[in-house]
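Each chain is listed here by its residues.
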Amino acid sequence: EAGVTQFPSHSVIEKGQTVTLRCDPISGHDNLYWYRRVMGKEIKFLLHFVKESKQDESGMPNNRFLAERTGGTYSTLKVQPAELEDSGVYFCASSQVANTEAFFGQGTRLTVV
Amino acid sequence: GENVEQHPSTLSVQEGDSAVIKCTYSDSASNYFPWYKQELGKGPQLIIDIRSNVGEKKDQRIAVTLNKTAKHFSLHITETQPEDSAVYFCADITDKLIFGTGTRLQVFP
Numbered sequence: 005e006a007g008v009t010q011f012p013s014h015s016v017i018e019k020g021q022t023v024t025l026r027c028d029p030i031s032g033h034d035n036l037y038w039y040r041r042v043m044g045k046e047i048k049f050l051l052h053f054v055k056e057s058k059q060d061e062s063g064m065p066n067n068r069f070l071a072e073r074t075g076g077t078y079s080t081l082k083v084q085p086a087e088l089e090d091s092g093v094y095f096c097a098s099s100q101v102a103n104t105e106a107f108f109g110q111g112t113r114l115t116v117v
Numbered sequence: 002g003e004n005v006e007q008h009p010s011t012l013s014v015q016e017g018d019s020a021v022i023k024c025t026y027s028d029s030a031s032n033y034f035p036w037y038k039q040e041l042g043k044g045p046q047l048i049i050d051i052r053s054n055v056g057e058k059k060d061q062r063i064a065v066t067l068n069k070t071a072k073h074f075s076l077h078i079t080e081t082q083p084e085d086s087a088v089y090f091c092a093d094i095t096d097k098l099i100f101g102t103g104t105r106l107q108v109f110p
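Taken in sequence, the protein lines are chains A and B. Per the numbering used here, the very first residue in the first sequence carries number 5; after that it's consecutive. Per the numbering used here, the very first residue in the second sequence carries number 2; after that it's consecutive.
Heads up, some of the hints might be wrong.
Short derived list, chain B residues pointing at chain A, Cβ under 10 Å [stated by the list, open to error]:
#, residue
1, H8
2, S29
3, Y37
4, P45
5, I51
6, V55
7, P83
8, E84
9, I94
10, D96
11, I99
12, F100
13, F109
14, P110
Since the hints were made in silico from the structure, they are not lab data. Note that the Cβ used here is the ideal one computed from N, Cα and C, for glycine as well.
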């Protein structure tokens, strides 16, 4: 069974550009989460999808971040326009039951220069 | 808001010694406490978890203890090996996973 996969693994973009991160959850997992780890700090919650609906987006830092999960399968997280402080590792996770055992992808390392 | 404090931030031990990482949570409604291990270039992997109706859980060399009164929970690794070297995160859940700040464990051969 495939785990959670994220693409790309690394992205380097200039300030002001747009970047789109993709997450494919484990098949059959209705719950999908986005997290971010900035500069070696804690892993911070961004948002939670249940199928295609946003259950909780309280962690989204500002309106430059847009997450979608059309059809309730894969999800994308778009940052537009990117700022220097957006640099970090973005993790996606999925779970069968909400807020229990969550499986993480390998992360996307985003560097904004 | 909800937060989880984790100590120490770094921990160096000799191979074969034990390692203990401690976390404190703030929300008394928390009832599920997972521990994640993150190796270089990989995402966090669940290694053990404990629920609030249990005080201790063990899986081979790894054990977790929970003190609900004090809102503390700890990860214990015995007979450490170099491959245990990684960043360990505690977390708790009420309506979402809240992570601690992480502990970088180095096991020297």
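Outcome of the hint check:
1. Below 10 Å, beta-carbon pairs count as interface contacts, and H8(B) has none with chain A, the closest being about 13 Å; its hint is therefore violated.
2. Because the smallest distance between the Cβ of S29(B) and any Cβ of chain A comes to about 17 Å, over 10 Å, the interface hint for this residue is violated.
3. A cut of 10 Å between beta carbons decides the hint on Y37(B): the least distance to chain A is about 7 Å, and the hint holds.
4. The interface hint given for P45(B) is met, as the beta carbon of that residue sits about 5 Å from the closest beta carbon of chain A, less than 10 Å.
5. Using the Cβ-Cβ criterion of 10 Å, the hint placing I51(B) at the interface with chain A is not satisfied: the shortest such distance is roughly 12 Å.
6. Because the beta carbon of V55(B) sits about 15 Å from the nearest beta carbon in chain A, more than 10 Å, this interface hint is broken.
7. For P83(B), the suggested interface contact is broken, since its CB lies about 22 Å from the closest CB of chain A, more than 10 Å.
8. Among the interface hints, the one on E84(B) is violated; its C-beta lies about 18 Å from the nearest C-beta in chain A, farther than the 10 Å criterion.
9. With its C-beta approaching chain A no nearer than about 5 Å, I94(B) sits inside the 10 Å limit, and its interface hint holds.
10. At its closest, the beta carbon of D96(B) sits 7 Å from a beta carbon of chain A; the interface hint therefore holds under the 10 Å criterion.
11. Of the supplied interface hints, the one on I99(B) holds, with its beta-carbon coming within about 7 Å of a beta-carbon of chain A, less than 10 Å.
12. The closest approach between the C-beta of F100(B) and any C-beta of chain A is roughly 4 Å, which is under the 10 Å cut-off, so the hint is satisfied.
13. For F109(B), the suggested interface contact is broken, since its CB lies about 21 Å from the closest CB of chain A, more than 10 Å.
14. Of the supplied interface hints, the one on P110(B) is violated, with its beta-carbon coming no nearer than about 25 Å to a beta-carbon of chain A, more than 10 Å.
Hints 1, 2, 5, 6, 7, 8, 13 and 14, counting from the list given before, are not met by this structure.
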